[in-house]
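**Q** The residues making up each chain are set out below.
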Amino acid sequence: VKSIVNLLAKSEALSKLIFSLVLLAMKMRLGSTARKYPFFRTRLKEKTLIAQLKLKDNSAGRYFTIKEGNVTSGNGIHASPDVTVIFGDARVALDMLVPPRDQLAVINAMKSFHLGLEGPEELTSWWMETLSLMLFAGTKYGTDVGKGVTRYTSNTNGGPAFVYVKEGKIIRITPIDFDDKDAQPWTIRARGKAFTPPRRTTISPYTLVFKSMIYSPDRILYPMKRVDFDPNGIRNCENRGTSEYVRISWDEALDIVANEIKRVKKTYGPGAILNGSGSHHLWGILGYWLSARLRFFNNIGFTPVAHNPDSWEGWYWGAMHHWGQSMHLGAPESYGTVEDCLKECEMVVFWSSDPEATSGVYAAFEGTVRRQWLKELGIKMVHIDPFYNHTAALLGGKWLAPRPATGNALALAIAYVWITEGLYDKEYVAQRTHGFDQWKEYILGKEDGIPKTPEWQEAEAGIPAREVRALARLWGTRKTYLAAGGLSGFGSACRDATGNEWARSMVCLMAMQGLGKPGVNMGGMQQGTPIDTNFYFPGYAEGGLSGDLAGTASAVSLYQRMPQLPTVNTVYQRVPRLRIPEAILDGHTYGYPTDPKTIEGQFLRYNYPTPGHSPVKMYYKYGGSHIGTMCETNRYANMYRSDKLEFVVNQSIWFEGETKFADIILPACTSFERWDISEFANCGGYIQHSFNQCNHRVALIQHKCIEPLGESKSDFQIFLEIAKRLGFAAMFSEGSTEFDWCKRLFDATDLPKVITWEEFLKKGYYVLPAPKEELRAPVSFRAFAEDRLKDTPEIAPLPADYSEQVFKGLQTQSGKIEFVCSSLQRFDPDDPERPVMTKYIPAWEGHHTSELYQKYPLQLITPHPRYSFHTMGDGKRSWINEIKDHRILLDGYYYWIVRINSKDAHARGIKENDLVKVFNDRGAVICAAQITERVGPGTVHSYEGSAVYDPLGEPGRSPDRGGCMNILTPGRSIIEKSHSIAANSCLVQIEPWTDSRGVK
Amino acid sequence: MKRWHLVIDVEKCENCNNCFLACKDEHVDNDWPGYAAPQPGRGQSWISVHGKERGEFPLTDVAYLPVPCMHCDNAPCMKASNDGAISKRSDGIVIIDPVKARGQKNIVKACPYDAIQWNEQLGIPQKCTLCAHLLDEGWVKTRCVQACPTGALSLRQIEESEINEIAQAENLEAYRPELKTSPLVYYKNLYRFTRCFIAGSVAARTGDKEECADGARVTLLNAGNETIGESAADNFGDFKFDNLEESSGTYIVRVVYPGYETKTIEVDLTQSVYLGTILL
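Residue numbers (this note's numbering), protein chains in the order written: chain A, 2 to 1001; chain B, 201 to 480.
Derived from the structure by calculation, the hints contain no laboratory data.
Be a bit skeptical, because a hint or two may be false.
[As the list claims (entries may be wrong)] Simulated crosslink set (DSS-like; lysine-lysine; CA at most 25 Å straight-line):
hint, chain 1, residue 1, chain 2, residue 2
1, A, Lys-480, A, Lys-381
2, B, Lys-341, A, Lys-167
3, A, Lys-427, A, Lys-809
4, A, Lys-885, B, Lys-212
[Said to hold, decoys possible] Derived DEER-like restraints, expressed as beta-carbon distance ranges:
hint, chain 1, residue 1, chain 2, residue 2, range
5, A, Arg-36, B, Glu-320, 32 to 38 Å
6, A, Arg-190, B, Gln-357, 27 to 33 Å
7, A, Arg-192, B, Glu-362, 29 to 35 Å
Cβ atoms here follow ideal geometry from the backbone N, Cα and C, with glycine treated the same way.
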């Protein structure tokens, strides 16, 4: 139809004629849709209005009268319509009204005021949505599997899923087994064997339990107001966290929020509104926190909460200076490494690497089968971790357990053995690295008089010197992969007081062994599968419908492919996430940016407040995760109970964590209750091509499987409702429903080349064929090792960051791996916390801080949790709580677990499953003790990420029995010139807990 | 007649609990008349993953044992039930009839594997149905098998006459065979959970340093001085004799390393033991 229309609409007169016919057709379509579809009939009964569609010069138009569910229509211009859609000319009208809509033309018309919408926001939005629903009516989606059950698809942080729905209720959520029509996977031939992954997607525990969370009694089903909060009177801010809530209507809640936005902007000026989210959100390109949220907040102007590079820390603030990789936050690229590892590698060293616990990230158990292949091939494995982790438990191999935050000492001792025994790649070091001799002097003790021998290491890290020599000799004589972190460049060791130096030393070790040569690379089979990197489907970091070209990766590809109105935040102020309490309570703080563009981005300190900006007065929080995920988190509870925050609104799905510190709670629904679209484990941005953790690329529509529970709404819808009250509803939605946006995004991808929208909607997913063997991505760092131009498929580093010639060498000034970092030399060569080359710097909280160590002799590590994903999946009566290794049920309460060595437990009179108090000067957490040999004496293990915050007395000042171990972890950054978390350097004491309050 | 068998490889189980959770997803709040009434959301477990740590820091390992209903041929629960509340289908699956079994609490205790649980609210005993309602609809996997990421769980249809041969060929065995319940659930590498090891690390003094005694010959002898096992210490000087019976008496570990005096260590084996560093 569109092409015929385009062909006919050659002159203005013809366009105008077609416009009139289209409007007439619209009248008929409205009527017939209402006759055919009851939901649409009901819809039309919601409003009484007159909607005019016309050309700007009033030369043509038609008006529609909606009254008591009936549609009547008249040709021409109505004298007093409620809603008017104004087209600059007939051409624009046809671009918009004749399907498929020419989105670029429509967006251009909007930007040039060639397309307008007049009338009260509520009615204009309703009218545009009604037109969308008219087109949506009759759309078929999902698969009928008989007995009244429909199978839909969804996607989550823990993998894709089939969702079985009967009578409007989810009855089952499963991983996806591919059918005969789905594409065949790749095969890698190595050492006489052929390795092919199973034709299915895997699923994480926290995805399998979604049914229990969707129907959780902790769901927030209607808007709520704190009982003693009066926006027009006394606010009683000090009662946040203890007061009860009362149900209110959506209108009241939205009016309060909209009025507070207006009030603080008018009273205090720009910057008064703070907004932040957790690091993760329910999956979906359009619903993610980098999408609808930014489109909304950019349009009201806000002080964003600036994220620290969470899980990367030491790689970002440390390792990056040695090898660049800034676009990966200092972590290595990973192309082609699965095949190279299977074919060439002789040993894998997993160092602070537990992919079986963290799934890499977002990739369910996709990497598991590949690591099992390593075992099948008999490849030697070593696990270095203070905890005998799940990857070690599954795969076996040598376990070395250094004292927490001393891994750098172990690394330097390995380098010492290599140097003194000549077990390193001297030619590579000479040709491809810079500054080795200076570092060598330090290792040999010529700089500080301390040779970094295995014996020296033993006093620090506690590994028998002979085992370090054995490891170094093995590593120095075998082609070795180093899996540092569960995803290359993650790892708990990068989140401790010496995290920078640990990550830096990982790069230096690999530089000594010829990084990039066959069988010598980074990774533990978690990334780097031979799948298609050419097919375009965006990751969430590309910003979805945000229109945000500054704060997301939208500008790279998505903005051109999915034309949308750009959005800009006019507020320059920001607050570092780990310093929100200081910003609020002290009124000033500072941070360093997470800026992946270039190495030097991290050097630009920013201060709060920003000159000419208002301090934060209102906090619009998205979800409730911070007390369970940030550090020294009693600070956050105390912040909430201050009247320096005049208003707190929390938009959350569940009543958990810090949600109960809000004045107004807006109930959001889950991703199973709204439309979205996404790909398995594709986050884009920092982990470009992150889908290469998966065995298959799988793109999915996230069907709206069920209606939102109670009165909950999608984030998009909530923002739209507030936008209506602030006059930018049309700019927010662009007249598109969430379903329309899914189609717009589908059209932006390469999917239309291989599957129709109708087929995709029905089946719900598409499996991309694996590329031909000849077209697989080359191995990362291979070209660098061989001094060829970079050949892996990514635009990183940016062209300007090459010193000599684009694609030649690395991002560092020398273009080589730098043992002595030129970026640090330029920035602050005398920083004792971050020297120009990696050195052993004892932890600022650890066995050398004697006074504290005497008081708190146990070193607590709190890595990312295994069954839950930060706070996702925990609490809220999720079935995860029933897992014996997640929480322990004692006297009716589900306690968080702390793992303690049998000797330490015995010395304290602690038995299996006893309640214990884990404490230090920062606070106390009541846990159930698990006695184990999986940590050595002096180390205790728990997880971060409790969704439950349950103080036994005054919030922020009492023991928590919910399990927020983050209350105990240090609030300071790894080094001053950073914005980082050092959660795994945490001294505590543990004693039996006998207080009766603990056993209610 | 082909019958269903669940085959569980202990070595491949990593305690992810996907089996346990998939079971909840299938049964909590879902009623499958004739097969099972809804499972309560809290406190029940139709497939329990038991864990066992062996050894001592820093030489340890862990094994996990998923235990569902064993669908025994000689099922003690059936004997304990009245009114035909429990039946064995021709495909091997044991089903507790959610209607007929009402009030029969004694069934719970009859199971030596603790695989049956009491639903307080409905007043019925409940357990794993091997997802019979799905298999009857044509599914080829149970929910636990489908969700298992490592291949630790597999569902197989095996001719009744062939099972013994297959079990022998693939080293499959029953858990706690002494109960003589003839389970249809078979395990592989069960020793990781039920048996124990003797391990140690051999080190040798050279000059003022210690080195790992890579390649040291380690022999395990029983009380009668018969050789039970021989092994070479690995690059780290570690050795491990596994698959020994717990509380099986006295053993002797003999370490031979050229240039050093031979060492023998007596072990009274109760459970897995790490002998620590054996310094030559």
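**Q** Now tell me if each hint is right for this structure.
**A** Right, here's what the structure says about each hint:
no.: 1; hint: A/Lys-480 with A/Lys-381; verdict: holds, 11 Å
no.: 2; hint: B/Lys-341 with A/Lys-167; verdict: holds, 21 Å
no.: 3; hint: A/Lys-427 with A/Lys-809; verdict: holds, 21 Å
no.: 4; hint: A/Lys-885 with B/Lys-212; verdict: holds, 19 Å
no.: 5; hint: A/Arg-36 with B/Glu-320: 32 to 38 Å; verdict: violated, 53 Å
no.: 6; hint: A/Arg-190 with B/Gln-357: 27 to 33 Å; verdict: holds, 32 Å
no.: 7; hint: A/Arg-192 with B/Glu-362: 29 to 35 Å; verdict: holds, 33 Å
Checked against the numbered hints given earlier, the structure breaks only hint 5 and satisfies all the rest.
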